[in-house]
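Colleague: Each chain, written out:
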Amino acid sequence: MPLELHDDTATLVGVVTVDEVEQLVGWLRAARKPKVSLRRCNHLHTGALQALLLFKPKISAAPNNAFLAAQVLPLLDSSQRNRR
Amino acid sequence: MTTVMLVEDSATMLMSLQSILTKAGYDVETAGHGQEALDKLGKGVKPNLIISDVNMPQMDGITFTREARKAPGMRFTPILMLTTESDQAKRTEAKNAGATGWLVKPVGPDQLLGVIKQVLPEI
Amino acid sequence: MNPLLAQFLAEANDLLASVDAGLLQLERDPGDPELVNQVFRAAHTFKGSSGLFDFPELTRLTHAAEDLLEAVRGGRLPLDSAMADDLLATFDLIRGWLAHVTTHERLPSGAGTDAAGLITRLRAPLGGEPRAAVQASSTGGITTIGGAPDWLAWFDAEWLTATASWLDITSSTMRFVRYVPEADCFFRAEDPIHLVRQVPALDRLGIVQPATWPEPGEYDEYVCLLSFVIATRAAIGELEHLFRYVPEQVQIVELDAGAITRHVSGEPPLKAEERVTVVVAEVRDSEQAADARAVLHAARRTFELHPVEGAHLRSVARAVSAAARALGVPKDLTDADQPRVREAVDFLLAEATPAPLGAAPAATAVPITPAEPAEPAEPAEPAEAAEAEPSGRADEHGGQVGTRVLKVDQEKVDRLMELVGELNVAKNGLTFLADAAEEEFGSRVLSRRIKDQYAGLHRIAEELQSGVMDIRMLPISVAFGRFPRLVRDLSRRLGKTVELHTEGDDTMADKDVIEALVDPLVHLVRNSLDHGIETAEQRQAAGKNPAARLTLAAVADGDAVLVEVSDDGRGVDPERVRRTAYEKGLISEDQRESLSDSEAIDLVFRPGFSTAEEISDLSGRGVGMDAVRASVEKLGGTVTMRSKLGQGASTRLRLPLSMAVTQVMVVSVAGQRFGIPVDLVVETVRVPAAEMGRVLHQDVVVLRGDVVPVLDLARLLEMPSRDEGADRAILVVTVNGQRAGLIVEQFHREVDVILKPMEGLLAYADEFSGTALLGDGLVLLVLNMKEVLGLAARTA
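Protein chains in written order, with full-length UniProt numbering: chain E, 1 to 84; chain H, 1 to 123; chain W, 1 to 796.
What the hints contain is simulated information worked out from the structure, not anything from laboratory work. Heads up, a few of these hints could be off.
[As the list claims (entries may be wrong)] Straight-line distance between alpha carbons at most 20 Å, and here's what the computed EDC-like set of lysine to aspartate or glutamate pairs gives:
hint	chain 1	residue 1	chain 2	residue 2
1	W	K331	W	E343
2	H	K95	W	E182
3	E	K56	E	E22
4	H	K95	W	E240
5	H	K70	E	E20
6	H	K117	W	E240
7	E	K58	W	E215
8	H	K95	W	D184
9	H	K90	W	E70
10	W	K412	W	D470
11	E	K56	W	D220
12	W	K644	W	D530
13	W	K427	W	E438
[Claimed, not checked] Some chain W residues well away from chain H (every beta-carbon gap over 12 Å; in silico):
hint	residue
14	L9
15	A42
16	W151
17	A211
18	I471
19	P484
20	K544
21	D590
Positions of the beta carbon are idealized from the N, C-alpha and C atoms, including for glycine.
In isolation and in its complexed conformation, chain E is listed as follows:
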């Protein structure tokens, strides 16, 4: 299962497809202090990335995947830091 959702923490695993986007957004809306682990995530559908960029959850673990680490993580990290 690509999404492992708990109250305030989520783990994204493997390929997160568009089919998971709705559930992910629902969780992001509901969680008070969302924290997301990307360690085992290999791919984020554009819709999933977009949701993370909008809701800015804390990224609790960086992805092992090279593309995500190099190109995607910095966006999520810096949006984290821009928050006041």
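We have chain E; now place chains H and W onto it with these hints.
Modeller: Below, chains H and W without anything else, positioned relative to chain E:
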């Protein structure tokens, strides 16, 4: 396991595509025309990818694409059209109906597997 | 028979039957659209399936029939009986062919001619042959524009500038893509990021976020709001293929250095509010900003303490400029005076870098921090990295999992290295003390004990030195890393096919050596691509593999690293080299006769030599092989070339593993001491004066059967020479493969020194390569043996 649904009225084309996909490790569902494919989707078959011919008896590929998008769980499933070089206009029509892309016949293994890799994230 | 063909033949039978029936009915009832459709589909299926086999005539014939039926189906042509006749004849012919295929598994030999007449007749109502299929498969609507578009501004100017200069060096271009997915693209199962991940040879990616995000309550997760800017080295064709399903969402531009430079200088910088909407992925951005702030605070403190001027001011200005660049607010402070630099510091601290809440200012902001695990470090050229990053991270290695890695300021490592050098010097002082103990105070025991102490200290100093040097070591892959691209770009430009191989990528050498190695290697590789490697046609004509092989190899050899650039190209023609060198007056007629092939090849390193009859615009930019030799020798290395005519050439660079410490042999001449690099020393001998010989006005000595020319070092250095004494102390050296003996007054010990370049009054003196401080406080002049012996050749 990744399931590919082939919708094609030509038995030869079907056999050729099926053998490429099976050898590459995909599960294959087949349908001889659009209506048969829709019936299968209605019965709970949930392919990860659909490859459909354009010209078929009973229901053509474009109508099928438009209908398939309404089937449960098929909103975001990649659908590729099997076209010929002369089908330029059909491609636009197919995209408007919700198709993801197209393949140009005759379809060889490299072309087929390459396109699947392009549209299905399975990294 | 293969099952697919059997299947095709079975299906064909059914299709033919249905076509026949349909066509006959159509003749009677030409208006029935379902009948037309049925025949059309049969022809269409036939054509589609025939393409699976090697039956080109069948494909062309059914294609023509399909096109005609398509026109009929679309109502553009009414079906007349002549058309029906042609169609029936077509399917009759096909039936005949398939019978042949059933027995022979191929079409009959006359198929092409039989088909040709029918194809012409089928196409006649449509106005003849269709346009070439190429057109159909071409761009498909992707916009390709010429000049630099506005959206190039999403890339940061610094990167664009660096890219432009690279493109300029290689005279190549880069492709830029702007990809704006349609809002509803998810509903066609498009995943823009997945597509972007597949861009070949991706150089830089910017994920552009919307200027304003919707409120979370109104957010529709299935509307795509992101867009992309991409820089890649992939060919336009590759990109058009990748984006072929979304052509209307994509713009591609191909830009050269000029176009980018014009963009960078001409366009106003991005406004602040636009800047925040794009984050061009740069992993270290915020860390860099923290470093930059620390540099600025330090600069401000420096200014508060005392006036800063001269070289110190220049270095502060450089650091501030680098910090400004890192913060994305470039400031040119070249030759700025103190108030201006100070003003820039205040501006940057106040305006450009609101420190994050709670961040400690200044000194504590740049502690040694544990490195983040292996970021995909760009294979940055160390020189540039050191310059661009204020606190210098050129030594950055990717950390292994489980190891704690420290990021250390490069300057700290350099300082450590200097201290090691001073320790060496102090250690060397002990040997002088030991000598003094014995000679001046007559205490042999004390001398012995000092020497024991020295030995212990020497061992520790050596270990310390190698430990510090290890920190400075980088794998040679740092230097090799830029060549795949250079070779690819240049070989494309030259129309040659070249495979680049690298060997010994993990060979380690000092970072200074690696940095200094890049330029000579670039020159050698260019030279090889330009002059050495032939075109694919020439290679084929010579019976070679059309793809040339270019190899970069590195291997450690004791205290040196050997780096070899070799190709399997046409090699160097020694005869042509001799002729050219003679014509250019570099060698005499005698030499032209007497030089061996390998000596002749070495002539290419002479200043003023260039074998290329026409200077190519790649490697002929005013630097020759002589520049390569000069820069390698400046590092204390050597260059040699070997070649086999028609089979290739290889150039070997031999460089010291580290440039930090040089071992020199100390000799004295006319009462003064000089250093000679130990690498060059073959042996030291004492020869009775009587055994010295003289051949052709040249003093010689015979050593183990070899005649070695002997020169008086004192005379070479224009110092008084003392010929008295029974023995001659002769130091035998090898320079450029030639042995020579130098008469000196006395041999001393070998010492490790830190060589400092010549400064001040002596800077013009080419016969010295540098100075070093000895343990007893004296300054040692280290001889540049090549120049010294060159002097000898000129004066002789």
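Colleague: Now tell me if each hint is right for this structure.
Modeller: Hint check:
1. Proposed proximity of K331 of chain W and E343 of chain W is supported: the alpha carbons are some 11 Å apart, at most 20 Å.
2. Of the supplied pair hints, the one linking K95 of chain H and E182 of chain W holds, its CA atoms being roughly 12 Å apart against a limit of 20 Å.
3. For the given pair, K56 of chain E sits about 16 Å from E22 of chain E by alpha-carbon distance, which is consistent with the 20 Å threshold.
4. Pair hint K95 of chain H plus E240 of chain W holds up; C-alpha atoms about 17 Å apart against a cutoff of 20 Å.
5. Restraint check for K70 of chain H and E20 of chain E: the C-alpha separation of about 18 Å stays at or below 20 Å, so the hint holds.
6. A threshold of 20 Å between alpha carbons decides the hint, and for K117 of chain H with E240 of chain W the separation of about 17 Å falls inside it, so the pair holds.
7. Using a Cα cut-off of 20 Å, the hinted pair K58 of chain E and E215 of chain W holds, with the two alpha carbons roughly 19 Å apart.
8. Between K95 of chain H and D184 of chain W the alpha-carbon distance is near 12 Å, which keeps this suggested pair within the 20 Å criterion.
9. The suggested pairing of K90 of chain H with E70 of chain W holds, with an alpha-carbon distance near 13 Å, which does not exceed 20 Å.
10. The suggested pairing of K412 of chain W with D470 of chain W holds, with an alpha-carbon distance near 14 Å, which does not exceed 20 Å.
11. At roughly 16 Å between alpha-carbon atoms, K56 of chain E and D220 of chain W fall within 20 Å of each other, so this suggested pair holds.
12. For the given pair, K644 of chain W sits about 17 Å from D530 of chain W by alpha-carbon distance, which is consistent with the 20 Å threshold.
13. Taking the CA atoms of K427 of chain W and E438 of chain W, the gap is near 18 Å; set against the 20 Å cutoff, the hint holds.
14. Its closest Cβ contact with chain H, about 9 Å, brings L9 of chain W to no more than 12 Å, contrary to its assignment away from the interface.
15. Distance check for A42 of chain W against chain H: the nearest CB is about 10 Å away, which does not clear 12 Å, and the non-interface claim fails.
16. With a minimum CB-CB distance of about 24 Å to chain H, W151 of chain W clears the 12 Å threshold, and the non-interface call stands.
17. Taking the minimum C-beta to C-beta distance to chain H, about 27 Å, the non-interface status of A211 of chain W holds against the 12 Å cut.
18. No beta-carbon of chain H comes within 12 Å of the beta-carbon of I471 of chain W; the shortest separation is about 37 Å.
19. The Cβ of P484 of chain W sits about 24 Å from the closest Cβ of chain H, beyond the 12 Å cut-off, so the non-interface label holds.
20. At roughly 30 Å, the least C-beta separation between K544 of chain W and chain H is larger than 12 Å, which holds for a residue marked as non-interface.
21. Once the 12 Å rule is applied to beta carbons, D590 of chain W is consistent with being away from chain H; the minimum gap is 65 Å.
The structure fails to meet hints 14 and 15 from the earlier list, while all remaining hints are met.
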